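Asker: Below are the chains, spelled out letter by letter.
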Amino acid sequence: MIALSRVDTLPDSQRIVITGIGLTSPNGNDWATFRQSLLEKRSGVRPYNIRYFGDTLAGVCDFDTSRYQTKKDLRRGTRAGSVGIYAANESIKHSGLDWANVDRSRVGIYIGVTEHGNVETENEIFLIKGFDYDTSCWSHHHNPRTVANNPAGEIALNLGVTGPHYTIGAACAAGNAGLIQGAQMLRLDECDIALAGGTSESIHTFGIFASFNSQNALAKHSDPAQASRPFDRDRNGIVVAEGGCIYTLERLSDAKARGAEIYGELAGYAINTDATDFVLPNPERQAQCVNLALKRAGLEAEQIDIVSTHATGTSSGDTQECDALRRVFGNCKTVRINNTKSFIGHAMGAAGALELAGNLPSFRDGIVHPTINVDNLDPSCDLPGLVANEVQETSGVDYILNNSFGMLGINSVVIIRRV
Amino acid sequence: MSPAEIREEIIDILGDIAPDENLDDLVDEKNFREQLELDSMDFLDIVMELRKRHRVQIPEEDYGNLASMHTTVTYLEPKMREIVKA
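Chains as they are written, first to last, in this note's numbering: chain A, 0 to 418; chain B, 61 to 146.
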């Protein structure tokens with residue numbers, strides 16, 4: 000029996016459920032493979048080289064770009080668009096929707112992004128360098144590639160969706176923010192189907208590596224699979240990753256009417272702001288965000304079975320999040336706490352959506368994937384319930400709480416319930 | 061470049077711009093748009109590639125000359141006559 004939450008008091012037309020999951024991750028190009036990689040502790044981090052910066056490490060996706068796009072589509076569009084197109088098509092396929100007969104004017108596309116346009120701008124500057132910076136050689140494709148709605152717009156073009164489409168710029172909280180936006184638009188009856196989540200092409204901009212490196216926040220390790228190590232004493236920074244995860248969201252009433260398989264229900268969410276620093280997190284605000292999501296869901300902390308952490312493997316960020324979690328879950332006896340970035344790195348705008356997807360199968364199998372690479376647990380990260388290095392079996396998982404935080408102090412929390 | 065070499069260059073550019081198309085059966089006298097899926101951004105790509113590769117400038121009022129392979133080669137021949145094919 001699942002503990003009741005506030006959504007039980009809502010009509011089915013205000014209850015939002017997940018009916019499809021499409022993704023590409025550095026360690027899997029579909030939901031099942033991704034999950035299997037997490038259970039088998041398979042990392043997606045590998046050696047990587049990018050112009051100017053040189054050799055480094057990254058989470059790289061190897062999905063089949065030709066599955067849903069022509070060569071011309073790929074040439075004209077962006078990597079973020081391509082990642083999004085793949086994930087969106089996979090999500091629709093997974094949802095079992097009769098897509099050919101779906102009213103495309105009632106579909107909304109809401110895609111979280113950490114940043115967009117850096118890759119394309121760097122590419123153009125690199126190219127015109129060969130023409131002594133003659134700007135008449137600057138591509139006419141630059142503007143459509145770099146407008147902030149590009150990844151969502153490319154998905155709309157590919158799918159023939161004529162409902163609303165836009166991106167949600169929310170730094171590394173964007174995956175959750177995209178999902179939240181989709182749910183809100185369904186509740187407002189702005190659409191009947193929301194394709195919502197996040198995408199990232201960030202490994203294709205040297206700037207993100209160089210900036211994290213200058214901040215002393217870029218991970219280094221002789222073994223790529225061990226580079227991303229949240230909560231470990233020897234963690235030394237972030238592994239940048241690309242990826243995408245897009246959910247098909249529907250109102251419960253619509254999902255029931257078509258007999259859709261349901262993978263989880265949105266029980267609560269919250270977004271707030273630190274308003275204290277450009278980069279340093281604020282555990283007090285993070286705890287407030289988690290508590291706000293719990294309050295809105297009508298839940299107590301001890302009713303959460305899994306907390307999917309945001310921790311990126313930086314010294315201060317991990318400690319601060321653990322501080323926040325201790326404030327909320329410190330007295331909880333049964334909560335399990337894990338981390339998915341330890342496998343795939345930090346997929347930026349896709350991170351929140353991907354990390355949630357990695358945990359959703361726990362509703363069915365009761366298994367919790369671990370955070371890997373914890374060889375020497377940092378005492379400041381020694382949370383009760385931390386699932387380190389080995390999977391744990393539970394007697395059942397009803398509620399998953401997913402943290403996703405970003406620069407400029409944006410915090411987001413999503414709570415999903417088993418259906 | 062000779063007219064044949066200019067044609068070869070345009071085919072090479074089209075191969076980049078329209079990579080899904082079969083250019084072997086292209087009829088020189090027929091408009092590109094009747095045979096290939098090209099839009100205005102693609103035609104700007106042709107202009108851009110000629111500028112980048114050969115520093116050939118094509119003013120906007122002359123874009124109409126890029127309608128077919130035949131009109132394109134005829135238009136470009138005086139501009140590219142002195143260029144030595146690499």
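If you're looking for bench data, these hints aren't it; they were derived computationally from the structure. The structure displayed is predicted, hence computed values, not measured ones. Errors might be hidden in some of the hints.
What the hints assert, rightly or not - With a straight-line Cα cutoff of 27 Å, these simulated DSSO-like cross-link-like pairs (lysine-lysine) come out:
no. : chain 1 : residue 1 : chain 2 : residue 2
1   : B       : LYS139    : A       : LYS40
2   : B       : LYS139    : A       : LYS70
3   : B       : LYS90     : A       : LYS71
4   : B       : LYS145    : A       : LYS128
5   : B       : LYS112    : A       : LYS128
6   : B       : LYS139    : A       : LYS332
7   : A       : LYS128    : B       : LYS139
Asker: Next step is simple, just say for each hint if it's right about the structure.
Answerer: Hints, verified against the model:
no.	hint	verdict
1	LYS139/B to LYS40/A	violated (62 Å)
2	LYS139/B to LYS70/A	violated (31 Å)
3	LYS90/B to LYS71/A	holds (22 Å)
4	LYS145/B to LYS128/A	holds (23 Å)
5	LYS112/B to LYS128/A	holds (12 Å)
6	LYS139/B to LYS332/A	violated (80 Å)
7	LYS128/A to LYS139/B	holds (25 Å)
The structure does not agree with the numbered hints 1, 2 and 6 stated previously, though it agrees with the rest.
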